[in-house]
Amino acid sequence: MTTLVRLRPTTPPRRPGRIAILGAPNSGKTTLFNALTGHRAKAGNYPGVTVDRREGDLQRRFGADGVRLVDLPGVYSLEPQSEDETVAVRVLEGGFGEAPPDGVVGVVDATTIERGLPLLAEAAGLGLPVCVALTMIDELKARHGEIDPKELQDRLGVPVVGVVGNRGLGIDDLGALVSSPWDWTPGPGLLHGAEAKTPEDRFGWAREVLGACRRQAPEPNRWTRRLDRFLLHPAIGSAVFLAFVAFFFQAIFTWATPAMDFLSGLMDGLADQILATLPDTAFTRLLADGVIRGVGAVIVFLPQIVLLFTVILFLEACGYMARAAFVVDRVMGWVGLEGRCFIALLSSYACAVPGIMATRTIPSPRDRLTTILVAPFATCSARLPVYILLIAAFIPADPVLGPFTWQGLTLTGLYFLGTGAALLSAAVFKRGLLRGATLPFYLELPPYRLPRPSDIALGVWDRAKLFLRRAGTIILAASVVLWFLLNLPRRPADPQLSVTENQRAVLEGSYAASAGRLLEPVFAPMDFDWRINVGLVASQAAREVMVATLAQIYAHEGEDGEGLGVLLAGSGEGGAPPLLSRASALALLVYFAFAMQCMSTLAVIRRETGGWRWPVFTFAYMNGLAWLSAWLTFVLASAAGA
Amino acid sequence: MDRTLADVADASDGRLLEIAEVTGTDADSRRLREIGFCAGAPVRFIRRAPLGDPAMYELRGALMSLRRSEARRIRVHRAGA
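Protein sequence lines, in the order shown, are assigned to chains A and B. Oh and the first sequence: position 5 is 5 in our numbering, straight run, nothing missing. Each number in our numbering comes from the position in the second sequence (counting from 1) with 1000 added on.
So here's chain A without its partners, still in its complex pose (with noise of 0.2 angstroms):
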């Protein structure tokens, strides 16, 4: 065995430290910064955008306690021109009332050395302590380059480890040379990189320090340039992306659907179990049927969401998305934005919550504004449900071309419906509302890399966590006032009728089907009864409220076994007539395709902006141009004789 001695430093800190984390974007800040503290990206963080400065602290194995560890935004120079590069500034410089930290991490990307460099020498430029992580070795050496960490720690003369942060390499030693920050005496090489007022001489310094190590750089990437030819072709590319983006919409029907069946039948067993075995009291009925019923008819989808954002986060880990941003900017440039708005756009396709703090990135705060404003017409996770729902119940499964069919191509068309109405809009607004000059775009395209399953599987966990806890809280309370309102008032049962046509006449003298009623007024013209008007009421909660709706009207219809998409066709052998015509069923799609229906945007919106000016302004044009739309949609589909 071997006695471990460990040596004090001379002068003890009493406090705890508190260390940045400071690299440019795409150098691995965040992979360190989860093998430090043992966290994982916090799910509503989208991955690749930290997007707020994010606090952990370093796990204890690593030798000290009480050392925090700050991750921030990646940013290129300390003069900061966007929000998130405002924060990590600030930070640095101690704001928000706290302290500046007592060290920072600098990392670079090994393979990039000379373009990680000059951001650390701002930073010791600020008097702060720097130790440096060198990324990616891995990569580097995969390439045939070659740096020596000792050697460049020499000539920087701060402390330098080499790490591969995804799988563990040099963690060690990064967390003991974390734990004392007191012990990182700079060195003349950083120092004299301080004193450089110009970009250039920063560069200028950078190059000398690497022209005295024995550094062989890494060649060019072989795989990235030979996808990129293939992938950035203009016809090769443009129909490899089409054809992926259209069979993954048709996967979603084809593959997800023996799961959700699966689910769809565990739930209504589920319900059945209760109601047979419970006594028949409303609270019973209540737990079956609104929670059960209500709540289990949207966790249906999980198979769905866990399919579309596992295909998200491959390819935004494998660099596809960049290279997606940079094949639109050019539409982006006709609209009058820049790829960084579509980067948050993008994410708006998962949720628009964090596509929408993503938006934080933009320096132009026109841009940004904009960006906001048309975010949410991003086809977000929460439409998928009523999407698939609506369309497998109204479209018909007819074979188009090979494995595409109508339902597949309605979804893709969906998501191209989206995707058009927010550049459409986005274009209306920078041309009037928010005119204003493009700021200069540059965009980093990292080489494509292989990403390990692991992570890839760790990031969909944590947003079917975050799915299952929507469906939890604001779906399932949302899913039982309906139940009171669509129960209430009571009616004594009548003793001639069966307890199906009971349930019907329950529902139709209820409180929400007067509400409904109230509205039709409003949604006749696409011929939406009271039962939509009700979904659509209560899905300004959250939009999957809209499926928990219809299942709980139709709880009590249909025979065993009938998923509630056949009870809406009216296919069922209960008898019922379907709820809607498919022209009112397409109406009712691009309704959800075009109109703000979702709490926690608005609430985002109204933090983002500062105020509330802008969350009734997108709630209100949103949802005119959604029923306009709905209503043209309704006018051409009943002359097409849908």
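It is worth saying that the hints were derived from the structure and are not from the lab. Backbone N, C-alpha and C define an ideal beta-carbon position, used for all residues, glycine too. Heads up, some of the hints might be wrong.
Chain A stretches covered by chain B per the calculated footprint, using a threshold of three residues with CB under 8 angstroms from any CB of chain B [to be verified]:
{"#": "1", "stretch": "69 to 82"}
{"#": "2", "stretch": "442 to 448"}
Covered stretches of chain B, as calculated for chain A (at least 3 residues, CB under 8 angstroms) [claimed, not checked]:
{"#": "3", "stretch": "1007 to 1021"}
{"#": "4", "stretch": "1029 to 1039"}
{"#": "5", "stretch": "1042 to 1056"}
Position chain B relative to chain A; hints supplied.
Here is chain B on its own, set in the frame of chain A:
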């Protein structure tokens, strides 16, 4: 003769260019310099986006995308010339 990166990109045929200067003194030109497009840096045109703009450049070991309007601010000459 110095030309701008936007002018010579397509004709450069993947040859290495050297940045002579970034014109302008505003925040935009400063940012271009901060991300590494500054005098003396070698830069190489890689490809255009499928719709013709922006373009991808290799700069200090990384791939950067710039729109034509920004590339026009960067004056370059043939490396070693």
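Evaluation of the provided hints:
A count of 4 residues in the stretch 69 to 82 of chain A with a Cβ less than 8 angstroms from any Cβ of chain B is obtained; the coverage claim is therefore met, three being the minimum. Look at the stretch 442 to 448 of chain A against chain B: 6 of its residues bring a Cβ nearer than 8 angstroms to a Cβ of that chain, three or more, so the hint holds. Here the stretch 1007 to 1021 of chain B counts 0 residues with a CB under 8 angstroms from a CB of chain A, which misses the bar of 3, and the coverage is violated. By the rule of at least three residues with a Cβ nearer than 8 angstroms to a Cβ of chain A, the coverage given for the stretch 1029 to 1039 of chain B holds, with 9 such residues.
Coverage of the stretch 1042 to 1056 of chain B by chain A holds. Counting CB-CB distances below 8 angstroms, 9 residues qualify, and the rule asks for three or more.
In this structure, the one hint that does not hold is number 3.
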